[in-house]
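Chains A and B are the protein sequences, given in the same order.
Heads up: the first sequence runs through residues 12 to 313, numbered per our numbering.
Heads up: the second sequence runs through residues 1409 to 1646, numbered per our numbering.
Everything labelled a hint here was simulated from the structure, so no lab data went into it.
Predicted model only: the values in this text are computed from it and were never measured.
Hints are supplied without guarantee of correctness; some may be wrong.
[What the hints assert, rightly or not] Keeping only pairs whose Cα atoms sit at most 30 Å apart, straight-line, the calculated DSSO-like set for lysine-lysine is:
| hint | chain 1 | residue 1 | chain 2 | residue 2 |
| --- | --- | --- | --- | --- |
| 1 | A | K116 | B | K1440 |
| 2 | A | K116 | B | K1447 |
| 3 | B | K1494 | A | K195 |
| 4 | A | K196 | B | K1546 |
[Stated by the list, open to error] These stretches of chain A come out as covered by chain B in the derived footprint (C-beta under 8 Å, 3 or more residues):
| hint | segment |
| --- | --- |
| 5 | 72 to 82 |
| 6 | 271 to 285 |
Even for Gly, the Cβ is constructed at its ideal location relative to N, Cα and C.
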Amino acid sequence: MKRRDFIKNTAATSSFLTLGGLGMHSCNGVGKKQITILHTNDVHSHIEPFPKSHSSWANLGGVARRADLVANIRAENPNTLLFDAGDIFQGTPFFNFYGGELEFKLMSMLQYDAATIGNHDFDNGIDGLLAQVPHAQFDLISANYDFSNTVMEPHVKPYKLYMVDGIKVGVYGIGIRLDGLVLKKLYKETVYKDPYEIALDTERSLYEEEQCDLIVCLSHLGYDYRSPEMPSDTRLAQRTKYTHLIIGGHTHTFLEKPEIRTNALGNQVLINQVGCYGINLGRIDFYFESGEMASQGWSITV
Amino acid sequence: MLSCKQETKHLTSVQGAQLGVDSTLVEVDSIKEFVAPFKNRVDAILDSTLCYAPKSLLLNDGQRNTSMGNFLADLIYEETNPLVEKKIGKSLDFVVMNKGGIRSVLSKGEVTARNAYEIMPFENYISVVELNGTQVRKLVLFLANSKRAHAISGLEIVLDTSGGLESVNIQGKPFDENQNYHVATSDYLVSGGSDIGFFPEFESLTDTEYLLRNAIIDHFKRKDTLTAQVDKRFIQLQ
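Input sequences plus hints: build the corresponding full structure.
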């Protein structure tokens, strides 16, 4: 019975969100608008909290607790989006037994809006990923994996647009090089394209053609590497022009707070990554105001 | 309703924070209830006792070979050889497994399938590579020069005091460089190519379609008691 309560509750949140998008707010010039972005990465099938005896993560994490946190934030601000930056699969027997069904169903119950695809999401092959698609009531996005010659072709989009309280949010996905990381027999004819080139193309069309107010990248490249040849979020941030936030994954980096970098136009761009296993949830609040833009751009408090 | 004039909106400020998912939060009942039947089935299968280990098998109890490494390499030989004989009509000559691929020790006491998931959480399959004599020599040198005690079975390596090759035996017979050998290993080590170092080149490859973890579970089911020791299969003369 309580399960039904939860579903009803979140459904109510969602319709309020739609109302907000079409209704009074978008015609109302005055007042601040707040868009809240929540995110996870590298949850790796960690559905239950870690045991109390665990050496590193005693009694931390757990999807049922994350659901509580997300519901509290949505109650406070219905204009909230929830994303994941990949490696949803592999890490507990839940994945080995059910192939990701439980992970996708739970993310749907928490009303995730979108996720990008990590290298471990290919662990049961591209066919194993396809088998779980019916359980995902959220978008799978990747701009630099070309799935044209694979079974995933109809199920992955380069980016998605979300109209939230009159603010147009564009979200694109960027994946890591598969060769050497994932067996070819698993990813099959998936083509990895240059992440920087594709990210810059995608953010430009989100800015110029789609006229997004807020641009977010879901990246599974990894936070930072010593080797400059390895594409990373920190290097991507410096090359971008229009992306406001890069939500990262892969390196299981527990950033103490979101990092700020300077982009190619000299503006600030935010990078965040919340470690792994659902230990933390990232929260970024964007505030918008009508009228003339302040000359100094936008301020960041982290 | 939709025709109202678009106001320009500007991003003015951003706030960010990491929120902990900890015991101060209240678990949502509907989620817990949804997970429960999945969890009950997993627990029932993983936690039923399959066999018994009178002594813990460890990954650090020997210099060049360890009880856990020997246990795993030997079981791969035992469980895979009948399959390989059926598939290619030849017996396995030896087994090589990287130490980093053995993700856990086996603690003494009752042994369950959950232990197999701890030892091998990844979906790695057993592959069989055919190596010519030169390729076997390179592999043996790679193992000899490695700082880590990679696991072997069916292969005996003795190094002299300075670390050079003293003797190499395969299935109890001296290594013959004019012969080809069949080696069982993890598909991860084969596909990793030259980056990982084990099998940069090989003559042929046979996929067994046998998950490493399933070989471990099958072994647990077939045995009553699990034992393994550090032995002389890979040593350096003092």
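Outcome of the hint check:
Our distance criterion of 30 Å between C-alpha atoms is met by K116 (chain A) and K1440 (chain B), whose separation comes to about 13 Å. About 14 Å separates the Cα atoms of K116 (chain A) and K1447 (chain B), which keeps this hinted pair within 30 Å; it holds. Among the hinted pairs, K1494 (chain B) with K195 (chain A) is consistent with the structure: their alpha-carbon atoms are about 27 Å apart, no more than 30 Å. The suggested pairing of K196 (chain A) with K1546 (chain B) holds, with an alpha-carbon distance near 27 Å, which does not exceed 30 Å.
Look at the segment 72 to 82 of chain A against chain B: 10 of its residues bring a Cβ nearer than 8 Å to a Cβ of that chain, three or more, so the hint holds. Residues of the segment 271 to 285 of chain A with a Cβ under 8 Å from some Cβ of chain B number 3, which satisfies the need for three, so the listed coverage holds.
The structure agrees with every numbered hint stated previously.
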